[in-house]
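S.K.: Here the structure of chain V is known, so what remains is to put chain Y in place on it, guided by the hints.
Protein chains: 2
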Amino acid sequence: MSGVNIIGPSVPNMPWQDRPDTPQAGPLWRYSGNPVVGRNPAPGVARIFNSAVLPVNGKFAGVFRGEQTDGVPHIYWGESADGLKWDIANERIPFVNDKGEPFLPRYAYDPRFIKVEDTYYAIWCQDFYGASIGMAKTTDFRTFTRLENPFIPYNRNAVLFPRKVNGNFLMLSRPSDSGHTPFGDIFISESPDLVYWGKHRHVMGRGHAWWESVKIGGGAAPIETTEGWLMFYHGVSGTCNGFVYSIGGAILDIGNPSIVKYRCSRFLLTPEEWYEERGFVPNVVFPCATIHDAATGRIAVYYGAADSYVGLAFGKLDEIAAYIKEHSRLTDEDTEIGMR
Amino acid sequence: MSGVNIIGPSVPNMPWQDRPDTPQAGPLWRYSGNPVVGRNPAPGVARIFNSAVLPVNGKFAGVFRGEQTDGVPHIYWGESADGLKWDIANERIPFVNDKGEPFLPRYAYDPRFIKVEDTYYAIWCQDFYGASIGMAKTTDFRTFTRLENPFIPYNRNAVLFPRKVNGNFLMLSRPSDSGHTPFGDIFISESPDLVYWGKHRHVMGRGHAWWESVKIGGGAAPIETTEGWLMFYHGVSGTCNGFVYSIGGAILDIGNPSIVKYRCSRFLLTPEEWYEERGFVPNVVFPCATIHDAATGRIAVYYGAADSYVGLAFGKLDEIAAYIKEHSRLTDEDTEIGMR
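Protein chains in written order, with our numbering: chain V, 49 to 388; chain Y, 49 to 388.
Extracted from the complex, chain V is given alone in its bound form (with noise of 0.2 Å):
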């Protein structure tokens, strides 16, 4: 170990393939076996992917963006014994209001999947009069109860962090318009009740690089480690023809998390296989959740790929922080507070 460290439970029975000999362009590399989930998982479910999972119970299970054969999405529940082989359910996951009562959003996508203390949440993009986060809880994934929405529109690729930060809870979630949105910066907020939020704070903008120069937005939990917030996020640039979503890297100041500590000017993991590269939106690595083993440092990344499946890339604690670091270039808007 090179003295960087996760902080956090093992997780022994992780999934993971040791890095091949082949030529890699970062830190991270691919499963052999993806995609992990592929087409038509479930009845009258068209494609999976951009989803979120946790170890839960001595297993993996998590919440799934699936798009229906009508063209909707919705978020359902799948299980995992090894985190390779998943059983998604046949229907969609049946949030309720806080009586009790079905309350179902009206579509949903790019669920991410978070345990704060004892509860699990599950975060979303749903219609709220406009495109903007939506969330639920659950202790025993059977009951998801929605909670207050937590921001008015637009608002897109919200992410809790997996513990309290001086009392509050944390999130990221990233400003958008009612469209495909030209322009993004992550922005990070406070709860101390997960009913009003507030002390919004900038976070990143986009990035110098062109990789992720139209727009960044938030991916998997920062993970906790001993130099800061390990946060894997996507970056967006543009081509003639559309966008092109790649995997990035930063650390985040543990106690200040507004603040940038090192931000990788390097993609971390662009699309290269034909899963990436083909599907309903080429081009697309998409990471929305990590397992990941404190005892070991080893990460494995869940990302969806062109919005068609979802895939599975590894990676080492080390060997990742120190790719970061050696290619780290920020900008004032990065180290600042980020407040105006």
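No lab work stands behind these hints: they were computed from the structure. One or more hints might be untrue.
Identical chains share a label here; the pair holds if one copy fits it or two copies do between them.
[Stated by the list, open to error] Straight line, CA to CA, 20 Å or less: simulated EDC-like cross-link-like pairs of lysine to aspartate or glutamate:
{"id": "1", "residue 1": "K247", "residue 2": "D146"}
{"id": "2", "residue 1": "K247", "residue 2": "E384"}
{"id": "3", "residue 1": "K147", "residue 2": "E384"}
{"id": "4", "residue 1": "K247", "residue 2": "E149"}
{"id": "5", "residue 1": "K247", "residue 2": "D175"}
{"id": "6", "residue 1": "K185", "residue 2": "E127"}
{"id": "7", "residue 1": "K364", "residue 2": "D130"}
{"id": "8", "residue 1": "K247", "residue 2": "E196"}
{"id": "9", "residue 1": "K364", "residue 2": "D69"}
{"id": "10", "residue 1": "K163", "residue 2": "D241"}
{"id": "11", "residue 1": "K185", "residue 2": "E139"}
{"id": "12", "residue 1": "K185", "residue 2": "D146"}
{"id": "13", "residue 1": "K309", "residue 2": "D366"}
M.R.: Structure of chain Y alone, referenced to chain V:
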């Protein structure tokens, strides 16, 4: 009186002029001395418009959008003995942070000015790494202390209610995009402390009627009446030569203002006069404040005209409420709680 009354203080010295004999499109008529603030009203300030005033210590005072001669808008203090002739300060309001240190927005525009309990609040749109809402409080009209920005970008047209409802502050706002925003609905948010905001609800969307079919946005602070909250707002239609801004009227439920009781399908005022049709942005009437008298039901509406002037219009609550009710047309989105 028709049985509808303003709930609030009496302001016997409010500006007033009786309705003229000339034809009027709706229940408002213009002050014959308009515009009440003309061009080059202070050194280095080319135009003042979209500004908000209140009764203060037996006179009138408020916050004015001053477009500097470098093209950057900032907020200026203004005072008046009669609400008609205004003295605009030569320097911008020196906003400070909670330590008393200078903390000016990089730009600030379209201020509102609202008294809640014993404190006066200025709210405006500013750069928060994107257009969003800024706010400050004052009790002595010398020290204006900035509060937390209530929302992440992009947002405009924030309006605070003049009293707490169910123990919380209430704020209207209008989510936007990063440009001229060809869409926009009015939302409402709650805060126990002006730091954290939540329980967001949709109030009403752009309207059926052509004059408000592109977008709408909060205008003057709602007036508490025995029928509900009387809200003057702006509605926008699109033409081949740009947007046209009119003044609309609605009445919101007193205990749950996310519910619209009446919404006038006809504008209350639309650009007609030279100072509304000519200017930096032609064809704009943009309400930001009212002064009103509970004893008589008289209402004076202050509005920005053509992004160049401040105009003043008058009306009587009973006539305005009757007009709104007579021409009310509601949608499901208007009458529902506004939670998805």
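S.K.: All hints, please: hold or fail.
M.R.: Quick rundown of the hints versus the structure:
1. K247 - D146: between (26 Å within a copy, 14 Å between copies)
2. K247 - E384: Answer is within; shortest intra-copy Cα gap is 15 Å, inter-copy 30 Å.
3. K147 - E384: Classified as between: cross-chain Cα gap 18 Å, same-chain 42 Å, threshold 20 Å.
4. K247 - E149: between (32 Å within a copy, 18 Å between copies)
5. K247 - D175: So K247 and D175 pass the 20 Å test across copies only (16 Å; inside, 24 Å).
6. K185 - E127: Result: close within a single copy only, 17 Å intra versus 52 Å inter.
7. K364 - D130: Intra 19 Å, inter 71 Å, cutoff 20 Å: intra-copy only.
8. K247 - E196: both (17 Å within a copy, 6 Å between copies)
9. K364 - D69: within (16 Å within a copy, 81 Å between copies)
10. K163 - D241: within (15 Å within a copy, 28 Å between copies)
11. K185 - E139: Intra 18 Å, inter 51 Å, cutoff 20 Å: intra-copy only.
12. K185 - D146: within (10 Å within a copy, 35 Å between copies)
13. K309 - D366: Within one copy, since 16 Å is at most 20 Å while 60 Å is not.
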